[in-house]
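**Q** Residue numbers (our numbering), protein chains in the order written: chain A, 1 to 537; chain B, 538 to 952.
Everything labelled a hint here was simulated from the structure, so no lab data went into it.
Derived SDA-like pairs (lysine to any residue); straight-line CA-CA distance at most 25 Å:
1) 755/B <-> 172/A
2) 755/B <-> 201/A
3) 45/A <-> 21/A
4) 457/A <-> 842/B
5) 313/A <-> 244/A
6) 666/B <-> 337/A
7) 666/B <-> 194/A
8) 45/A <-> 369/A
9) 528/A <-> 512/A
10) 457/A <-> 541/B
Listed here are the chains, written in short residue letters.
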Amino acid sequence: MDSNLRWKAVFIALVILLCIFGLVGLPTFPTSLAQLRDNFTRRIKLGLDLQGGTHLILQVQVNEAVSLQTDQTIDHLGTQLRDKNIRYEDLRKVGDTQILVHNLAPEGTAAFRDLLSSNFGEWDVAPAPGEQSGYLLTIKPSTVAAIQAQTMSQSEDTIRRRIDALGLTEPVVAPYGQGDNEIIVELPGEGDPNRAKSVIQAGGQLELRRVQDPNPYPSEAAALGAHGGILPPATELLPSKTVDASGQGSWYLVDRSPIITGRDLRNATAIPSTDNPGSYEVNFTLSTDAARRFGPFTEQNVGRPMAIVLDRKVESAPTIQSRIEDSGRITGRFGQQEANDLALVLRAGALPASIRYLEERTVGPSLGADSIRHGVQASIISLLVVLIFMVFYYRLSGVNAVVALLLNLVILLAALAYFGAVLTLPGIAGVILTIGMGVDSNVLIFERIREELRAGKAAASAVDMGFKRAFLTIIDTHVTTVVSAVFLFVFGTGPVRGFAVTLTIGLIANLFTAVYVSRVIFDWHLAKMPRQAALSI
Amino acid sequence: MDFFRHDVNLDWMGKTKYFVALSLTLLIIGTASWIHKGSLDYGIDFKGGTLVYVRFASTPPVDKWRQGLVQQGLGDSVIQQISDIASPNANEVVIYLPQQGQGNEALDAGKGAILNALHATLGSGEAGKQDFNGASPDMIADVLTRKDPLSAGPAGATRYQQLAKQLTDYRDRQARGVVSNLDNLRDAGAPPSVLSALRDSFYAGPFAVVNVEIVGPKVGADLRRQAVYVTLYALAGMLVYIALRFELVYGAAAVLAVFHDVLITLGLFSLLHFEISLTVIAALLTLVGYSMNDTIVIFDRIRENLRLMRREPFKEIVNRSINQTLSRTILTSGLTFLTVLVLFLMGGQVLRSFSFALVVGILVGTYSSFGIAAPLVVAWNHWKGQGAVPVSGTTAGSKTRPAETQGRLAPAGRR
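Only chain B is shown next, with the shape it has when bound in the complex:
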């Protein structure tokens, strides 16, 4: 099977002004959104604060809860119900509490306050009993070993450990963390005697805290600084590598193209209200690598064609190179795009921002190779007034003699 006509001869470099227009539009829209908001949507990794994710057995009483939080003095908290493509009936709520001052209060003061508010609003359950939805396997095993409902005696300890693990596995995997009624544990394989022992000591709390993230001010500031440095270092490293393998101008063109990709991605993030977290930075660095990949494939072909097509003007060589690698570019980008699209749709809420960065990044990264990097090299070449840029580097046996290079000035009228 083959999708492509292999004799295409599209004039890519002729369309440069359309590419530039497209890029500028995207950049302007993105940066405008960014500037309008004042800054990027930083996630908790960068701005600090407290995030608590809570899962409920049934629809969460968000409004009631918001009032409860205000009563506790946490009026500046933000509660959001999570609805996710992958799990639409999640009954999950996330509460964000911004950084409470720079002082020496305990880091988890915010978490404590939120949990207090939760208990105050939703009741703290039955006296003397523990919340099953917040109990660890050890706690459950402890209670069971003491009560010994199966009359297993001292040897029963391991058995109760296994049973406790079974029960918590059921709760965490099938019931997604919140068991609404202790009777449901029958499905986990708990015999009736064990169930009644559990009912005596536990109650089924209405919620479970599934995730807590608390980032202090120092860590947030450190990370912001580091993120910028790392990206710059990585770009510098690649610039050096490409400059060595090809020529400095190729390196510069590739880096500028990647810069363009990152800016557009960040702009889209701002536009669509996605948060920038640490994993998003990881995705951005990956997209830097991927965009470089793509650009290198074209540059590689240009280098090869420079050797073969010695009489052609540079612009034509670039066009030809892009056309020749077109099938590979579309196939690979297409396949990689499909894989990250699957990740975006099915990878769960935790990876959503990360996979969005990759989805956008792959599209933009592929485009920038022929839309930005190649035109930049052609423009440089044009500006230098030569027909070709002599390529140094490790192409096997291709030491172009100076006389040949000079002899390849493009014939007049063909630029």
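Isolated chain A (complex conformation):
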């Protein structure tokens, strides 16, 4: 036999071995049938629609971060204008991205512009339309883009940390879509999506602030009334988290600036409450730097209440008994899971902007099991139909096609395992379609060979011409389908992507099996056949 042919056969055998190894040989080499099966199920990653799980698309409200930046700029600008004695009537926020400086004293204009260009470089200034001496500051688009990008990446990281802390198997957190600040979260396996959703969405912004007045007020109006209608400088009113039966809460007058924020936490844990047996509380410890601030602060404020503020609501306001260095408690009537989730969220960090859910899909495991069953049954039946037909119609060459087709499927599955690609229900449909379209290549070649034989060519020559003539057509047809699949991959999510991936890999593998492997088998057969014998096709 031609030694070239022998090398080709060896090469094909190696490919087969590699594929089989990829499917059942990892992670541990199997020593029993059960382990073989176990490896196989582990190697093929199932999509959410087959194993069950939850798929969420959420949108980060990045405008909040921009708006926050504008707020902070107003504060800073106000302070600096006053420091430089530049008089103005009012600083007002317009929308999320603009600041109106109302009635700036004309003699301060030059100093104003100097100040802006030196300290507020991210803002464009223009005369305010319709105002005599007012200016409209607009934040630069490039700065907006930078804030949005940073908010997105910080949100993604925080969400990922929170989900990892929930201990789910192989979750997915990734940016999604065409730049609309969307993130996709996939949580495979069973479980209550509601818990995951609330953990993801929780603001998690912790602040410790000093309380100005010893007692809380029953309403905002009462608080204002007690201070003659205007709140003292650098303070604000925050509501309590708990409300009584009629929906009324208390209002606390607290410092505007927190002494401690969530970023200063070193750790947070949930432990059973000592005061309220049966409920839980969250203990947190502070970083060294924060402790250095906190110690003197608490020492100076012994006897005064300190508000523990979570997401702009006062959880509790215990009185400072003595100097505290680096720890604190958040008490409230938390259940165990609530306390655990709060500790988790505090450890993972606060979200820089709030989250809105755009899409939620939950596939229960029983539906997943059904889908797998249907998909596998349909695959096997269609495979059998095709194989039986090919053998009947093309006799021994049909067997050639069968071998090529089976090898095609093995390579397809092995490729999925090696790339870690996910198999979805449409992906199984893609496998079935690969069977149908893959056999097309063989039919093209065989019909061509038959044509050449009818025209009187000898077996070897007919096979040669058959493959040559059909090759370009096969390339053309495969390319067009793969082009569709590529578009589907770029555009689709989850299940549709699974379909695009299996179809593409299946067709590329088909090029190898229907053209190369089939040819090798033919050549091998021809080499063994007597020269003038008829080809079984």
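Go by the hints and put chain B onto chain A.
**A** Okay, now just chain B, sitting in the frame of chain A:
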């Protein structure tokens, strides 16, 4: 074995007017249905809303339930019992709640309302006990580890995890998600002590939610837009590819044929009340690829025959090409059609619309190659008044010299 006579000489191009008539009829019927309804039957992917699939242990009380939903203020919901070729006794119901306004309410408000209605109508089970049909393996393992019916002590945790997985596997695979009586768990291999521990903490709820899909308004609108763009881009990509491999007119003919296929498929979808979902778009793009395939095989043969049969009129060359590829076309379409037919019948309810698109698509796609694309090329050729269209591209060594081309004007009277 061979089905075909290999000396057929059917006059395909002569039958063009029948093909056109057929295509027009199909297109008109399809588009009429579409227009009559106002729009296509969009699935939840495109129109937004909430879909909840619920499985029952026995026949679901649909009417009672419909009233319950109306009482909850969800009068515009649509409840449908699912009966499926593959699983006729499914006892499964799907509830669709259209998009409730564009506002900032929680995305899952609809799901919450539906579940409330379910519990209100069907009772929320026994106090203090959890619904076994809604419990995750972790929850079950938790309860078992606490109660420790097998007296396994602290080491029992893994054992209870495995047992819980076994029980839920039984529930999800054999019992299809709803266990009607906790005693049935004996078949899952649960020893009696475990069963009584379960009975203390769980009850067998009458239903299980097997699938929830909630699509907000933004996502739905995004997807509608994207679906159209992607299809157009894919068609443009293929037009370019075919124009490069053959000639621009071939590319245009192929794309028009594919367009025709997609329109007919969508028309049939509308006629037969199938919903257009994201996977259906995937099927449409696949059928675009498949129809192109088929058309390319014929074009390829035409290109080859142009080189060989230099004296024939173009129409004859096209006829001959179709006849020569007939066996391959019928075989491949037949085989591929069989595989997607199997998928349609046995692939389960989730893939039904998808496989229907492929079933129709393969038939129409095969037909359009000789019924639409080839006649278009012939018509163009006729209109240009030449005997043949010079084919540029990468056919090996076939640079037709201009003199030869001109010399091939069809003899008078043979067009």
